[in-house]
Amino acid sequence: MRAFLRVLWEVIREIADENAYQRHLRAHGRSHSGEEWRRFCDRRFARKYARAKCC
Amino acid sequence: MNSHLSRGPPTCQQEYWQRAEVAIGSDLHDSIIGPKKYRMCSPKACGGAFDAPHLDCRQTDPLPNSLLATILWMKKTLGHLAWAAISIGAAFFLAGIAVNRGEPVNSMWLVLAAVCTYLVGFRFYAKFIAVKVMALNDKRATPAERLRDGWDFEPTNKWIVFGHHFAAIAGPGPLVGPTLAAQFGYLPGALWIVIGCVLGGAVQDFVILFCSMRRDGKSLGQMAREEIGRVGGFTALLTVLFIMIILLAVVALVVVNALKGSPWGTFTIAATMPIALFMGIYLRYLRPGKVLECSVIGFVLVIASIFGGQMVADSATLAPWFTLSATGLAIATMIYGFVASVLPVWLFLAPRDYLSTFIKLGVVLMLGVGIILAHPPLALPALTRFTDGTGPIFAGKVFPFAFITIACGAISGFHSLISSGTTPKMIAREWTAWPVGYGAMLLEGFVAIMALIAACSLQPGVFFAVNSPAGVVGTTPAAATATISSWGFPVSASQMDSLAADVGEKSLYYRTGGAPSLALGMAHIFAKSGGGRAILGFWYHFAIMFEALFILTIIAAGTRVGRFMLQDLLGHAFPPLRRPNWMPGVLATSAVIIAAWGYFLYQGVRDPLGGINSLWPLFGIANQLLAAIALCVATTIFVKMHRSRYMWISGTPLVWLVVVCFTAGWEKIFSDQPRLGFLADAARLQNALDAGKVAAAKIAETRTQIFNDRLDAVVCGIFLALVLLILVDSVRIWYGILNGSRDARVEEAPFVISQLQPEEL
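Chains D and H supply the protein sequences, listed in that same order.
Per the working numbering, the very first residue in the first sequence carries number 42; after that it's consecutive.
Per the working numbering, the very first residue in the second sequence carries number 30; after that it's consecutive.
Rather than coming from a laboratory, the hints here were simulated on the basis of the structure.
Any given hint could be a false lead.
Simulated DEER-style distance windows between Cβ atoms [stated by the list, open to error]:
1. D:Glu76 x H:Phe153: 48 to 58 Å
2. H:Val160 x D:Ala91: 29 to 39 Å
3. H:Pro779 x D:Ala87: 28 to 38 Å
4. D:Met42 x H:Phe153: 23 to 33 Å
5. H:Ala511 x D:Ala87: 55 to 65 Å
6. H:Lys727 x D:Ala87: 42 to 52 Å
For each residue, glycine too, the CB sits at the ideal point set by N, CA and C.
One chain only, chain D, in its complex shape (with noise of 0.2 Å):
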């Protein structure tokens, strides 16, 4: 049941992107501020909103 909620947190996560950020900054070795959420983001939706969402 832990790993389910485990699982199905993580999936939440991802979905709100929260876990490609900590990713982001992990690649890039830089620690977080709004100043670099910015700049994650901006890249982020100017690739993610490039695409058809699905009807």
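Add chain H to chain D, keeping to what the hints say.
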């Protein structure tokens, strides 16, 4: 596992493994011993004797051979018995819903038929494809590992990819399509959702995901260009653009018809816009990175707006402000689409998207639980009289129209764009494509079954009164209820008035599009599971809010993507258009896309037959034709992989879709029945004009209708022509390869052995 045995000094562990392998073969770990009984031991903990995680024999004594063999025999036998029971269950429940006539069927029959069939399809058919055709190999590094960049390419836990993929493919289609197709009864839709999903939709998603994964995560268009040719690539791009325009028009029409004359619903949806703006600012400047926290606040505000909507509807001063006609709502939706597509994404679209995705997943879960708790009987019969093509919601016989009305939920071309989008860039192991590609589509099929149950649990008379246009059933409640009752589905005006009052609406007649009847069905199921009729109004508007919220998000995102595609296409002629931030270009191309889908929306709103009659079949044909393109690409790749003996796997759904779409397209263009054929309706109106039978005030409107009918016929013809082009191109390639005159060169990325460690996931 064999690598453990062949390396390192002999130990009791190795001896154990060798004995176990002799007794039961190399699948020991997966088939007999679970991690609960035997802990995994890391290489480090074992002093480096083994180079990969392995069973820690110190946790238990090796079992004697005879006992191991007995365990294996029991496990295999029990497994066979369980799968035999599931298979028999699938056949039994499917037969049960297929042969039952006369008495109401409980919805659990549908649920069990779908679950058992999906399990059998997943375990046997999908695994057969994975082993025999794709030869999935976990030792092969995926693009997520090879091209890892911390952005798009990232090896991710399989269940997280599953959740992400399902959230991306689940849209309004599997909810609205089955609701509309319920006019034929529950049986055609249920069988198509169950069988079509297992043999068509899930296969398409799985195969395209596999193809993209083996090609560095390339998109469907790129694969079509590389595997079929430049014509195929260009055709795919053009088809996607056209489909997008029709899709946006039809989903906008669904929202407009759900909100017309409803101050409660309109206020709730209008309130989501300042809520999204607040969320955008909160997330960017107040609490950067706190998406979940922000989404919870947004959800609370949206729920508050539902209660606010009730107060607005009860207020004599405020209610008129939010009581809009269909035309007014259509114009508002176009303005919304334009503004949403040019505003910065972080300010509006992204926070709205987070919110709508979470609400969508939550509602799907709630609906599943609600159906299990309430397990309502299906009030609609298995087959209605409208299988003959005379249905009030849309014209056309059960074949082919049931199969294009339900696209998402059975097979949806749009999914191929998702399967060749983000998902292949996140998959860490090739075998993960099995649950993600095939399994997620089965779950979407189950969502479609739930929507069908919600619609079919309504009283048939109510269902048809909500979904039928005034042009078919009559323009007054008395006429509408009399017409519907004469079809054998009794309903009274007082019954409809009482229902409208229960859900806080003035009227529920002529709400074509499927969303209101689905919301009614869902509200009844939720209310039956807890709360009763007292909160029916809340649940109805909650369901309307949920549908409208994510449809409007699709409109904002789709308009934006359409603009990018147009900028890209026109940029060849006028290069500044390709600059994404060149504001004149952004505004002009957004306006063109809005004008394109807005025109079809306006046409639907003005259509006396409710708009759905002409637009939903166009959308269904377009979506299924995109699936046909995806299956052409998949079949071409199978042939090039020297798997032509298995080309029936993608070829069968391809042939079915081509037959269905071309039959439906032909009928929509050339049928001599005016309600069905675009050209017949144009001719009928033209004859009336020529004979002077049209009132002077209606002449301009009639001319517009004639133009619209001809335009719809041309659009339908273009879809068919584009797909015919790519089909002929594909068949030419298959023929060339099979008779040896063409080189079967695949564009797969080279094999690289995976270095990914389990603890990295």
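Here's how the hints hold up against the structure:
| no. | hint | verdict |
| --- | --- | --- |
| 1 | D:Glu76 x H:Phe153: 48 to 58 Å | 53 Å, holds |
| 2 | H:Val160 x D:Ala91: 29 to 39 Å | 36 Å, holds |
| 3 | H:Pro779 x D:Ala87: 28 to 38 Å | 30 Å, holds |
| 4 | D:Met42 x H:Phe153: 23 to 33 Å | 29 Å, holds |
| 5 | H:Ala511 x D:Ala87: 55 to 65 Å | 56 Å, holds |
| 6 | H:Lys727 x D:Ala87: 42 to 52 Å | 49 Å, holds |
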